[in-house]
Structures are given as C-alpha cells and as structure tokens.
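Single-letter residue listing:
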Amino acid sequence: MASSVNLTVKLGSLIFKNPVLTASGTFGYASEYKNYMDLNALGGFVVKGLSVNPKKGNKPPRIVETPCGMLNAIGLQNVGVDKFIKEKLPLLEDVDAHIIANIYGTKAEEFIKLAERLEGVGRVSALEVNVSCPNVSKGGALFGKNPNEVVKLASSVKKHTSKPVIVKLTPNVDDIAVIAKAACDGGADAVSLINTITGMVIDTKTKKPFLANKTGGLSGPAVYPVGVRMVYEVYEKIKVPIIGVGGIYNSDVALQYLMAGAALIEIGTANFTKPDVTIEIIKGIKEFLKVENIKSVGDIVGIAHSV
Amino acid sequence: MKLEVCENKRIAKNTFSLKIDNPALFDASPGQFFMVKINDFDYPLLRRPFSIADFSDRYIEIIYKVVGEGTKILAGKQKGDFLDLLGPLGNGFGDIKKGKKIFLVGGGIGAAPLIYLSNTLKSMYGISYEAYFGFNTKDEIYVDFGKTATMDGSSGYAGNVVDMIESQLDENCLVLACGPTLMLKRLAYVCYQKKCSMKVSLESRMACGIGVCLGCVVETTDKDFKRVCVEGPVFDYREIEWQAL
Ligand SMILES: Cc1cc2nc3c(=O)[nH]c(=O)nc-3n(C[C@H](O)[C@H](O)[C@H](O)COP(=O)(O)OP(=O)(O)OC[C@H]3O[C@@H](n4cnc5c(N)ncnc54)[C@H](O)[C@@H]3O)c2cc1C
Ligand SMILES: Cc1cc2nc3c(=O)[nH]c(=O)nc-3n(C[C@H](O)[C@H](O)[C@H](O)COP(=O)(O)O)c2cc1C
Ligand code: FES
Numbered sequence: 001m002a003s004s005v006n007l008t009v010k011l012g013s014l015i016f017k018n019p020v021l022t023a024s025g026t027f028g029y030a031s032e033y034k035n036y037m038d039l040n041a042l043g044g045f046v047v048k049g050l051s052v053n054p055k056k057g058n059k060p061p062r063i064v065e066t067p068c069g070m071l072n073a074i075g076l077q078n079v080g081v082d083k084f085i086k087e088k089l090p091l092l093e094d095v096d097a098h099i100i101a102n103i104y105g106t107k108a109e110e111f112i113k114l115a116e117r118l119e120g121v122g123r124v125s126a127l128e129v130n131v132s133c134p135n136v137s138k139g140g141a142l143f144g145k146n147p148n149e150v151v152k153l154a155s156s157v158k159k160h161t162s163k164p165v166i167v168k169l170t171p172n173v174d175d176i177a178v179i180a181k182a183a184c185d186g187g188a189d190a191v192s193l194i195n196t197i198t199g200m201v202i203d204t205k206t207k208k209p210f211l212a213n214k215t216g217g218l219s220g221p222a223v224y225p226v227g228v229r230m231v232y233e234v235y236e237k238i239k240v241p242i243i244g245v246g247g248i249y250n251s252d253v254a255l256q257y258l259m260a261g262a263a264l265i266e267i268g269t270a271n272f273t274k275p276d277v278t279i280e281i282i283k284g285i286k287e288f289l290k291v292e293n294i295k296s297v298g299d300i301v302g303i304a305h306s307v
Numbered sequence: 001m002k003l004e005v006c007e008n009k010r011i012a013k014n015t016f017s018l019k020i021d022n023p024a025l026f027d028a029s030p031g032q033f034f035m036v037k038i039n040d041f042d043y044p045l046l047r048r049p050f051s052i053a054d055f056s057d058r059y060i061e062i063i064y065k066v067v068g069e070g071t072k073i074l075a076g077k078q079k080g081d082f083l084d085l086l087g088p089l090g091n092g093f094g095d096i097k098k099g100k101k102i103f104l105v106g107g108g109i110g111a112a113p114l115i116y117l118s119n120t121l122k123s124m125y126g127i128s129y130e131a132y133f134g135f136n137t138k139d140e141i142y143v144d145f146g147k148t149a150t151m152d153g154s155s156g157y158a159g160n161v162v163d164m165i166e167s168q169l170d171e172n173c174l175v176l177a178c179g180p181t182l183m184l185k186r187l188a189y190v191c192y193q194k195k196c197s198m199k200v201s202l203e204s205r206m207a208c209g210i211g212v213c214l215g216c217v218v219e220t221t222d223k224d225f226k227r228v229c230v231e232g233p234v235f236d237y238r239e240i241e242w243q244a245l
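Chains L and U, in that order, give the protein sequences.
Numbering-wise (this note's numbering), the first sequence opens with residue 1 and increments by one.
Numbering-wise (this note's numbering), the second sequence opens with residue 1 and increments by one.
Keep in mind that a hint or two might mislead.
Below, in silico cross-link-like pairs of lysine-lysine (DSS-like), each with a Cα-Cα straight-line distance of 27 Å or less [what the hints assert, rightly or not]:
#1 U:Lys13 x L:Lys286
#2 L:Lys207 x L:Lys181
#3 U:Lys2 x L:Lys34
#4 L:Lys208 x U:Lys79
#5 U:Lys2 x L:Lys207
Sample of chain U residues facing chain L (criterion: CB under 10 Å; computed from the structure) [what the hints assert, rightly or not]:
#6 Lys37
#7 Leu182
#8 Cys216
Examples of chain L residues toward chain U, derived with CB under 8 Å [said to hold, decoys possible]:
#9 Pro60
#10 Arg62
#11 Ile63
#12 Glu65
#13 Met70
#14 Asn72
#15 Ile74
#16 Pro134
#17 Asn135
#18 Val136
#19 Phe272
These are calculated hints, taken from the structure and not from any lab test.
Beta carbons: idealized from backbone N, C-alpha and C, even for Gly.
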C-alpha cells in the first residue's frame with residue numbers, strides 16, 4: 001500500500017489540492033456552507049452564475065423532485081457581478097481553495113464585460129463560461145448549441161482575461177464533442193460538462209406543466225450515466241482538461257468520471273442532500289487510490305479508455 | 001446530524017407524531033423547521049421540510065401528514081431508528097410583543113408549528129392568546145386546545161376557520177397563522193380589510209433548505225423574490241404578493 005497519495009491536479013497555471021469542486025448554482029456563494037463543512041478541504045468551488053446586472057430569476061414554482069433527481073428553472077437569479085465582488089467575496093477571504101466565477105450573458109458583449117470586471121479580482125482563480133443560455137442576437141437559441149458561436153464566445157472571453165477560461169457545455173446537443181472542440185478552438189483552457197438536461201414534469205391535478213417556466217434542467221444521481229458517457233466521448237476528441245459534472249453523489253461515481261477522462265469534478269445537487277458530501281467524496285477517492293496502490297489521482301484520469 | 005427516533009405514532013387520520021431524541025446542542029424557536037432525510041440512501045433524493053411541533057429538553061417533535069412517498073416512508077420509522085436532520089432552519093415567529101390580542105390560526109397540518117408557538121407564548125412570555133384550528137373532518141383533529149372548525153361540521157364550528165374568526169379581528173389583533181395556501185390567502189384578505197397584523201408561515205418546494213439553490217422563493221410586494229427557507233418561512237403578510245400565490 002502506498003503511504004500517501006497525491007490528489008493534486010494542475011489546470012494551466014492553477015494547482016488544485018484535490019480534484020473536487022462544487023458546481024455552480026448548488027453552493028451559493030460558498031460562505032453559506034461554512035457552518036456545515038471545512039471549505040478549505042475542497043479543491044475549489046464554482047459560485048452561482050453571475051451576470052452584469054442583478055437578475056431576479058423565474059417565477060415559482062422553480063423546482064420539482066423526480067426519481068433520484070430534480071428539475072430546476074431558477075432563471076439564473078443572482079446578485080450581479082459588482083455586488084458579488086463587494087459583498088460576497090470578502091466573506092471568503094480566509095478560505096484556502098480556488099474560487100471560480102461562473103459567468104453568463106445573453107450577448108457576447110456581456111460575457112466580455114464580466115471577464116473585464118473580474119480581471120482585477122485576484123481572489124477569482126478562473127472563469128467558467130456558461131454557454132447554456134439564450135443568445136438574444138441569434139433569436140434566443142442557446143450559445144452552446146452552435147459550434148461557431150462557442151468558438152467566438154470562448155475566444156472573445158479569452159481575449160479579455162488572463163485567468164484560465166473553462167467553457168461549461170450543455171448536454172442538450174447532438175454531438176457534445178463537436179462543441180467541446182469548438183471551445184478548444186476558441187482557446188478554452190478546460191471544458192466542464194454537463195450542465196442540466198432539459199425536462200418537463202406535468203402536474204396531472206392542474207393538467208399543466210409543474211414549473212412556472214414549463215421546462216427545467218434535470219440534475220442529480222439520475223443523470224450521471226449521461227455525464228460519464230459525454231466525458232468519455234469528449235476525452236477522445238480534445239487535449240485540454242475536462243471537468244466532469246452531473247449526478248455525482250458518492251466517490252464511486254466521482255471515480256467513474258475520472259476514469260472516463262475528467263481531471264477534476266464538480267458536485268452539484270448532492271450538496272443539497274448532504275451538505276458535507278464533498279468531504280466524503282474526497283475521502284473515498286483517497287481511500288480507493290490507497291487500496292489500489294495508485295500514487296496519484298492523475299494516473300486514473302481517462303484510464304477507462306485503455307481497456 | 002443523526003438523531004434517534006423515540007416514538008412515531010398515529011395521532012389522527014393520516015397524521016403522525018414523530019418524537020426525536022433532542023441532543024440539547026441547540027435552541028429552536030417556534031416557526032423554525034428541520035430538513036429531514038427520509039432514508040440513509042438517496043431515494044427519495046431531497047430532504048423534506050417539517051416544522052417543529054414541539055421542542056423540549058428530551059424531544060424534538062414533528063407532526064406530519066402522509067401525503068406522498070416521503071411521508072409514507074417516514075410513517076414506517078420505528079423507535080431506535082436514526083434520522084438525519086438538518087436544522088433548525090429559517091426565521092420563526094420571532095419576538096411577540098405584548099399589547100395586541102393574539103390569535104393563533106391553523107389549518108390542517110399547518111396547526112403543527114402553532115403547538116410549539118402556543119407552548120412558548122405561555123411558558124416564556126406569559127402571553128395569553130386564543131387559538132382556532134380548521135380541519136376537514138373530526139377524525140383529522142390532532143390538537144387538544146383552542147376552538148376547532150370542521151368543513152363537514154362533524155366537530156365544532158361548521159365551515160372554514162377564517163369565517164369562524166373573521167368577525168373578531170380588528171386593528172388591535174395580531175394573527176399568527178399557518179395552513180394551506182388558499183386558507184392563508186383568504187386570511188390575508190380579511191386581515192388587510194380589518195387592518196390587523198399577521199405573521200404567516202409559508203410552504204414552498206425546497207431542495208437545500210439553507211439558501212443556496214434559490215428554489216423556494218416567494219414573490220414579495222416590492223417585486224422581488226425572497227427565500228422561504230432563509231428569509232422565511234414566517235413572513236409579515238404585508239411582504240407577500242398574495243396574488244402570485
Ligand atoms: C417550512 C415548511 C414546513 C413544513 N412543515 C410541515 C409539518 O410540520 N408537517 C407536515 O406534515 N408537513 C409540513 N410541510 C410540508 C411537507 O414538507 C410536505 O408535506 C412533504 O415534503 C411531502 O413529502 P412527500 O414525499 O410525502 O410528498 P411528495 O408529494 O411525494 O413529495 C415530492 C416532493 O415535493 C415536495 N413537497 C410536496 N408537498 C410539499 C409541501 N406541501 N410543501 C413543501 N414541499 C412539498 C417534497 O418535499 C418532495 O420534494 C412543511 C413544508 C415547509 C416548506
Ligand atoms: C438549483 C440549480 C441551479 C443551478 N445553477 C447553475 C448556474 O447558475 N450556472 C451553471 O452553469 N449551472 C447551474 N446549474 C447546473 C449545475 O452546476 C450542474 O451542472 C448540474 O446540476 C449537474 O450536476 P449535478 O447533477 O451534480 O447537480 C444549476 C443546477 C441546479 C440544480
Ligand atoms: S430551499 Fe434552497 S434556497 Fe430555499
């Protein structure tokens with residue numbers, strides 16, 4: 001048995017103490033979890049999606065539970081980038097983990113503004129660009145569905161920041177590997193996948209869609225095989241690190257993502273069920289590597305492809 | 001935190017009282033709630049929110065109605081089982097000032113948090129109050145104080161609890177209420193008309209219970225959204241955009 005295992009992961013110039021991050025929209029602005037766990041134990045966290053101006057979000061009901069999952073249509077409610085910098089970031093001053101800002105907009109210019117606004121903010125280690133949002137100049141079609149738009153968006157954000165740029169992909173596309181390649185062509189330093197899968201629940205009592213927004217994004221354990229499959233497919237097509245997201249609720253699923261090709265992982269919905277689930281997952285990964293006598297977590301990344 | 005079940009028994013039609021060992025590690029105020037994990041494994045996935053029906057040195061009591069999958073499983077829990085609770089969470093009824101005439105008004109399972117509230121008003125503040133509870137039928141009644149109304153007239157006042165108390169309300173009253181949304185909506189309308197004060201505990205679908213998912217919001221009169229789990233579940237009724245509910 002190896003006496004110690006190396007959990008560190010490099011992404012561009014950044015070093016993460018372990019591969020476990022939290023997913024945007026499921027961890028607030030992180031300080032909310034201080035009562036439940038030691039934030040320093042994490043590799044990092046991705047904060048709630050930020051827009052240029054504060055956003056109110058959708059009307060309720062916004063969530064509904066499904067078998068081993070949930071649909072959400074929050075509508076990207078957030079305090080806006082300025083308030084985030086002024087009021088939320090200072091709460092994390094003493095935390096030793098990477099803070100990744102998830103950004104979104106409805107026009108390329110908004111993404112650029114966000115990148116510029118965050119550029120001087122040292123505490124933010126990287127940007128995660130959420131392309132699962134409607135592009136108003138293209139009639140509201142999602143940026144993330146069109147490879148040309150993804151190239152353009154990635155390269156324009158890249159031009160306006162010195163921080164690593166992660167492009168977060170939507171699974172609601174024909175071929176996610178094509179979109180992942182587009183992100184790389186645009187200069188992305190990493191891609192994260194998957195965002196939620198679009199779904200609908202109908203309330204048979206009212207005979208109407210349950211969510212006010214009608215459709216919502218499916219997340220939670222139910223979606224993990226989709227995420228693992230997509231990470232596996234993307235791994236074969238691109239060179240940059242992949243961040244695996246979707247349904248991770250224990251260390252076994254976390255390991256599946258790593259073996260499919262993810263260098264890092266993000267935990268989302270599972271934080272709701274168990275606020276300290278990330279700690280358990282880090283422990284579980286470490287334990288697995290020890291038992292298997294594997295020295296470094298990097299050694300299992302993509303290992304499922306070699307068999 | 002995992003706590004031991006001390007008792008879980010049926011107290012009325014589809015209604016159970018769950019007593020959980022109180023580790024005496026924290027205080028809890030009336031109107032606050034716990035997020036309860038139903039099973040050790042991840043089905044059902046999300047925790048269920050339940051108000052505190054009583055809180056003593058020995059027990060945390062939850063009174064719940066079996067309405068779906070989660071509460072059905074909960075009804076099968078036995079003495080000696082362990083349940084994972086997160087909480088106490090949210091803002092409760094807060095400080096109740098003397099001076100106003102106090103009415104506790106509960107509908108159905110919404111009477112549960114008012115039991116702990118009534119015990120607190122009595123023991124801590126020495127404040128007197130009147131309590132009114134509405135149920136559909138006699139066999140649903142699980143409270144042993146106050147006056148009751150039943151929709152089918154099988155016990156007490158025949159009809160709606162809001163109709164039962166309407167004539168007694170005026171600007172010198174403070175109503176503390178919890179119940180089905182429709183009942184609360186009517187009660188809010190009556191309170192507006194009579195210029196009486198009201199604090200009301202609301203329900204909403206919750207995923208996290210700690211303010212991070214933004215799933216549980218209600219629309220407020222200042223055209224904003226507030227989280228039921230953090231800013232609530234108890235609100236001043238004037239804050240709420242009742243038309244939107
Ligand atoms: C702050 C608060 C306090 C509550 N206190 C009590 C209480 O003291 N006693 C009691 O019996 N009930 C209470 N409820 C309602 C209780 O949470 C639901 O009845 C319960 O979640 C139903 O779970 P289920 O699995 O049986 O139902 P299902 O319908 O199978 O549940 C499916 C999903 O919908 C959610 N859900 C269903 N009904 C409600 C509801 N009315 N409110 C919120 N979420 C719901 C569930 O949590 C679950 O995620 C409270 C709700 C809130 C928000
Ligand atoms: C309530 C909720 C809010 C979310 N908000 C965002 C967001 O603001 N930006 C984003 O890129 N993804 C958001 N997501 C998607 C998650 O980050 C994640 O990609 C997805 O939920 C799949 O992971 P999971 O199954 O572990 O939750 C949100 C998910 C949930 C459940
Ligand atoms: S339940 Fe998640 S914010 Fe209220």
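- Out of the numbered hints, which ones does the structure contradict? 1, 2, 4, 5, 7, 16, 17, 18
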